[in-house]
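Engineer: Sequence:
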Amino acid sequence: MTPYTRYVALGDSQTEGLGDGDDTVGHRGWADRLAERLAVAEPGLRYANLAVRGTLARQIRDEQLSVALQLRPDLATVMAGMNDLTRPRFDAARVAEAIEDMYAALTAAGAHVIGVTFPDIGRIMPLARPLAPRVLDLNARIRAAAARHGVTVVDTYPMEVFTDARMWSPDRLHACPEGHARFAAAVACALGLPDDSWTRPLPPLPPPAGWRTAAAELRWIATFLGPWIGRRLLGRSSSDGRTAKRPALTPWAQSTSGMSGSS
-5 MTPYTRYVAL GDSQTEGLGD GDDTVGHRGW ADRLAERLAV AEPGLRYANL
45 AVRGTLARQI RDEQLSVALQ LRPDLATVMA GMNDLTRPRF DAARVAEAIE
95 DMYAALTAAG AHVIGVTFPD IGRIMPLARP LAPRVLDLNA RIRAAAARHG
145 VTVVDTYPME VFTDARMWSP DRLHACPEGH ARFAAAVACA LGLPDDSWTR
195 PLPPLPPPAG WRTAAAELRW IATFLGPWIG RRLLGRSSSD GRTAKRPALT
245 PWAQSTSGMS GSS
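Residue -5 is where the sequence shown starts when you use the numbering used here, and the numbers rise one by one after that.
Because the hints were derived from the structure by calculation, they are not lab data.
Note that beta-carbon positions come from the ideal geometry of N, C-alpha and C, so glycine has one too.
A hint or two may mislead.
Across the chosen pairs, the derived CB separations fall in these ranges [claimed, not checked]:
#1 R88 / P152: 23 to 33 Å
#2 C183 / T157: 15 to 25 Å
#3 R123 / T(-1): 42 to 52 Å
#4 R117 / C183: 14 to 24 Å
#5 A87 / G144: 15 to 25 Å
#6 T80 / E57: 11 to 21 Å
#7 L196 / F84: 23 to 33 Å
#8 C183 / G144: 11 to 21 Å
#9 D189 / D85: 35 to 45 Å
#10 R194 / D56: 35 to 45 Å
#11 P82 / D189: 38 to 48 Å
Turn these sequences into a full structure, and let the hints guide you.
Structural biologist: Next up, the structure:
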């Protein structure tokens, strides 16, 4: 594996690490976990995480890309588009254009770029099944853009492990700690670090009783979907007032930000 020394992560809540920690102790997430793995091979690794929850692909491009380029990364990860997928006026071409702009600029600056496709979210959230054509369309555009710019893609769509409910937090929008750990391992594998732990299926579960499934759906709607719809109606975003948790390249070994570097 190439010893990377300057890793910059761009993205939204998944890259920020929601679902792996909290706002009190800090969010760890897959990007922090990946940095920890990379630092084993290169103890001098410096790492920045520019991700902000709730951001759309164009916001990530417009607000994070210029900062990332100034940091001169030799490795960059770009995860963008999930917040766009759930918006009423989703335009796959415009979202893919914003993602490709980031691929083009970062690769032209000499970074090895890792891109990501999205899993079949309808298997994670049954109410999201109507979004399946959007996911397929955007994933195809991401793969095509990556091919044009020599970007390495971690293609989660065909990976059944990433649609297992046990990989996701109760809100079904963010990976749980195990999900973040597995995705970090998948990215590390794509970079040449030998690790197949993320591919191992979880033990099978017995099918839940119908009434339990219905009750779980009602709880999820009341606890998570309702507030999300409320924010949309009020024109609010979870990104309001938020800034990147790790805006500067700092040595991983000296990390004191949130849960970064914790085990």
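Engineer: Each hint should be assessed against the structure and marked as holding or not.
Structural biologist: Here is what the structure says about each hint:
| no. | hint | in the structure |
| --- | --- | --- |
| 1 | R88 / P152: 23 to 33 Å | holds (25 Å) |
| 2 | C183 / T157: 15 to 25 Å | holds (19 Å) |
| 3 | R123 / T(-1): 42 to 52 Å | holds (43 Å) |
| 4 | R117 / C183: 14 to 24 Å | holds (22 Å) |
| 5 | A87 / G144: 15 to 25 Å | holds (22 Å) |
| 6 | T80 / E57: 11 to 21 Å | holds (20 Å) |
| 7 | L196 / F84: 23 to 33 Å | holds (31 Å) |
| 8 | C183 / G144: 11 to 21 Å | holds (18 Å) |
| 9 | D189 / D85: 35 to 45 Å | holds (37 Å) |
| 10 | R194 / D56: 35 to 45 Å | holds (39 Å) |
| 11 | P82 / D189: 38 to 48 Å | holds (40 Å) |
Going down the numbered hints, you'll see the structure goes against none, and every one checks out.
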